[in-house]
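*Asks:* Okay, here's what each chain looks like letter by letter:
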Amino acid sequence: MKTFVCIKYVPDTSEAEVKVNPDGVTVDSSRFSFDINDADNYAVEESVLIKEAEEGEVTVVSIGPKQSDVMIRMAMAKGCDQAVRIEDDRIAGYDPLMVAKVLAGAIKGQEFDLVLTGCMASDDWHMSTGVAMAEELGVNHASMVKKLEVLDGGKVKAYRELEGGLMEVVEVELPAVITIQTGINEPRYAPIRGIREAQKKELKVVSLDDIGVDPAAVGPDASQVILEALSIPEVVSAAEFIEGEPDEKAAKLASILVKGGLV
Amino acid sequence: MSTECQTFTEKYDLLGCIQCGRCTGGCPVTVRANLNVRRFVVDASYEDKLEELAKLAEIWDCTACHTCAVRCPKGLKPLEVLLGLRAMIIESGKVEPTVRDALQSVLLEGNPWEKSRAARSDWMEGLDVKIAEPGVAVENLFFVCCTIAYDPRVQATAKNIVKILNKAGVDYAFLDESESCCGSEVFTLGEEGLFEMLVEDNTEFLNEYQAKRIVTLSPHCFTTYNAHYPDLNKPVIHYTQLLDEMLKDGRLTWKGDLQKKIVFHDPCYLGKQGGVYDEPRQLLKNIPGAELLEFERRRERSLCCEGGGGKMWVESESKKERLADTRIKDAKALGADIVAVACPFCVLTLEDAMKGLGFEEEMRVAEIMELLGEFVEV
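First to last, the protein sequences are chains A and B.
Going by the numbering used here, the first residue of the first sequence is number 1, and it counts up by one from there.
Going by the numbering used here, the first residue of the second sequence is number 1001, and it counts up by one from there.
Careful, some of the hints might be misleading.
Unchecked claim - The calculated lysine to aspartate or glutamate pairs, modelled on EDC-like cross-linking and capped at a C-alpha distance of 20 Å, are:
1. A:200 x A:12
2. A:157 x A:55
3. B:1055 x B:1321
4. B:1163 x B:1128
5. B:1094 x A:197
6. B:1234 x B:1204
7. A:19 x B:1377
8. B:1094 x A:38
9. A:201 x B:1245
10. A:147 x A:55
11. A:19 x B:1317
12. B:1285 x B:1245
13. A:51 x B:1125
14. B:1055 x A:186
15. B:1332 x B:1362
16. A:66 x A:12
17. B:1094 x A:52
18. B:1248 x B:1128
19. B:1094 x A:113
20. A:200 x B:1377
21. A:157 x A:197
22. A:146 x A:113
Said to hold, decoys possible - Chain B is faced by these chain A residues, among others (derived, beta-carbon under 7 Å):
23. 11
24. 13
25. 15
26. 31
27. 66
28. 191
29. 192
30. 193
Derived from the structure by calculation, the hints contain no laboratory data.
Glycine included, C-beta positions come from ideal geometry on N, C-alpha and C.
Here chain B stands alone, though its shape is the one from the complex:
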């Protein structure tokens, strides 16, 4: 056990913590759940407390938004202590059935949504999509994401980008149904063994393609590849970065007149984890007739929607107001007509909140690609 504790303390550099409290001070979840990440960083350095700590319900409240890591003056990642405790529960096998089924689906079908691998590229039906082949050179290799591939609510992200790329004559190719989960949520749910396997398999798989770069549609894949895949042989960007390049090169032809106020919600995995803040805003500003508003909590202070960190499969015990509800109320108070996002999880959580609050008639939650699909010539 002492070896295990040493590993835990060393793995998360627990003794590096100076207990300044910036992690807890910035943690968005503290307003709604009984989670005190600073306390966990201290307690986890005691070997005899680990098993007890792993049983606390609040370890599953963390959304892995990384606010604590961004704010830590010592460069620690306090959230990863919680992920380490989750890993102990995962190893015991006694997890929520929703978590169990999602993880098992990643192993068997390459996605957490319990969908068949054979159906992964069904979204392409009726579209002229260029498919990647190993060894055939291409500039932009697209990685779709499990949620965008299977969930009809967010498939427009992929469909619209294909139409825009075809019109602009961009050199691109999409992966077919052999694409597998990047492991973002596997990592944050604490399934370390499965995540290691995905990193190994995906690195080998993606390195076989001769592409200048990988373009991801989800910020979760974007950040996961950049942060956890050291042996990938090509850079990884988010689609908003590619479209911003196209915008600057004059390759997007705008149409229509929106005449609406848009507020952009910075997804945690794109902004505070990926450092991409300006490109989505540039795209939105250029939509004809769009007025871009800003949340008070924006950029690295953006409020998490609670869609990450495996939270799509774990319900919080707290019955207090969801952060997505807070976000939508803030948008309403700003007078926004559209809450624009660039992440499939943010679309799903914020839209649920908007519907739950009864704002469906007067507001809209839209992925940037949905708006571009309406206002860019294809």
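Next up, chain A with everything else stripped away, as it sits in the complex:
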């Protein structure tokens, strides 16, 4: 099984205060910590589990700065075999279609069975890069996959978690792109000795020119998306504290739920 796993280096915005820069379209990331996108971490684990069960090799593909090398080395410490990091400031990174074209460009022309990636990224939440990449590569796809089984005859069975808790089970012919939902497995820890050992594995740093992608086709001019402004949601207070004895509180709460059409 030859697998590519696409991962993204994202800021953790859960702790630090998010501030929009004066340009209005970027945020101040100086106080953020960065790490692998959560869903991509599960994709890495899934790719390694498949490799351990089926043999084969896993290649990491990522678009990002040099600082993201630590994330890539961690993936290699867990069992990925090699990596390609695309570093090029001509990419319209805010547009998932442009990102998909670049990632697909790094994979095209090589044999593969599976491309795994997280079903969403925790910075922009577009949830579309994976399926767009399948279109670019001209292969099948299954998104939001919570369980994946490799079948005989060049197929996988993918369990897609849909709205309302529905599970859709589909058989997908390979090659295919699978976007991985969190919870599909339990990502392992990358021990520091493993990370050091992974320094011996190949991490190629390439530009758009190196992978044969026309910069004009993935830049701001090619993008259909115009990022106009970013803003922090207005903080409004809508909490109501229910006072009284337990039975009074219960009655008031029930009345609120009924009036609101929630029960």
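Chain A is already provided as a structure; the job is to place chain B on it using the hints.
*Replies:* Just chain B now, with coordinates in the frame of chain A:
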């Protein structure tokens, strides 16, 4: 494999054990978990048992309190056998997600709490804190600790000491956000490679500062630097030792009247591992209106709160009473109004126990610096 076993047996001097049982006899965890450290010392000398032993859940019950090491007549450290077994699991990568995230956070951000390095010195906001610079001479170089730096519940330890030092005109400086985890919990969780890296990096980093000594706020940093950093070029003390010196020199001016009974809980990393017993008691005795009580289990026999040994990230499988609950019940039985501690982990575990037992109205868990913040003029 036989080479590996030789290394394991030699590393922990397993053949030096005479099976006297003092380790298990004193281990505080045995009352609540299925942990028999003496058994591990024997079994770990069989090479074919190591992998099986590493899979046993109880290896994660050890709190690294060091009671077994203190009691061992042969000078062995039985607990480190358990840490060695943990290391085997860590190397496989298949650890609890909480442990994984804590260790990864130490590597990426220099703290186990998954907080951004940039926010490490946010606690200083609004305070006049002197910041250390490499090469600029200072008498006392302060090392804050990850937990005190980030957890609002225990930040008062750092904030109050700054105010007291400023008032007393002590020559001091704090490290800024470039300070990184000492690795205490990394060591006890068994991440040997990461711990080696921290020892190397922190030694180089701290040796660049021209200070007479390092003063730590947490006993975990205090003991870790003293026990595992052979190449540090300056001595390391705990803040209670510095404040005790200031007390003796008459540099602390007391105020107020507490009129409460305080019992001091000896933190394992300060007492039985660091040998510091009297200084915290001297400070507490001098609080106006304070009556100092003593636990029956005190000093080197102090009962562990279960906050060390990486236990902040590993839940025990045992559902029996937590040692922190036992400790708080003992304090209640003594008639103590305040359980005083000198360790951020002890504050968190004992306060949780106190709240869980419903004693919040009548008792208080306080870090010594919280009390000094209230009763020393600043």
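*Asks:* Are the hints correct? Go through all of them and say.
*Replies:* Quick rundown of the hints versus the structure:
no. : hint            : verdict
1   : A:200 x A:12    : violated (29 Å)
2   : A:157 x A:55    : holds (18 Å)
3   : B:1055 x B:1321 : violated (24 Å)
4   : B:1163 x B:1128 : holds (8 Å)
5   : B:1094 x A:197  : holds (18 Å)
6   : B:1234 x B:1204 : holds (12 Å)
7   : A:19 x B:1377   : violated (39 Å)
8   : B:1094 x A:38   : holds (17 Å)
9   : A:201 x B:1245  : violated (54 Å)
10  : A:147 x A:55    : holds (19 Å)
11  : A:19 x B:1317   : violated (43 Å)
12  : B:1285 x B:1245 : holds (15 Å)
13  : A:51 x B:1125   : violated (50 Å)
14  : B:1055 x A:186  : holds (17 Å)
15  : B:1332 x B:1362 : holds (9 Å)
16  : A:66 x A:12     : holds (18 Å)
17  : B:1094 x A:52   : holds (14 Å)
18  : B:1248 x B:1128 : violated (25 Å)
19  : B:1094 x A:113  : violated (27 Å)
20  : A:200 x B:1377  : violated (59 Å)
21  : A:157 x A:197   : violated (34 Å)
22  : A:146 x A:113   : holds (19 Å)
23  : 11              : violated (9 Å)
24  : 13              : violated (10 Å)
25  : 15              : holds (6 Å)
26  : 31              : holds (4 Å)
27  : 66              : violated (15 Å)
28  : 191             : holds (5 Å)
29  : 192             : holds (4 Å)
30  : 193             : holds (4 Å)
Of the numbered hints listed earlier, those contradicted by the structure are 1, 3, 7, 9, 11, 13, 18, 19, 20, 21, 23, 24 and 27.
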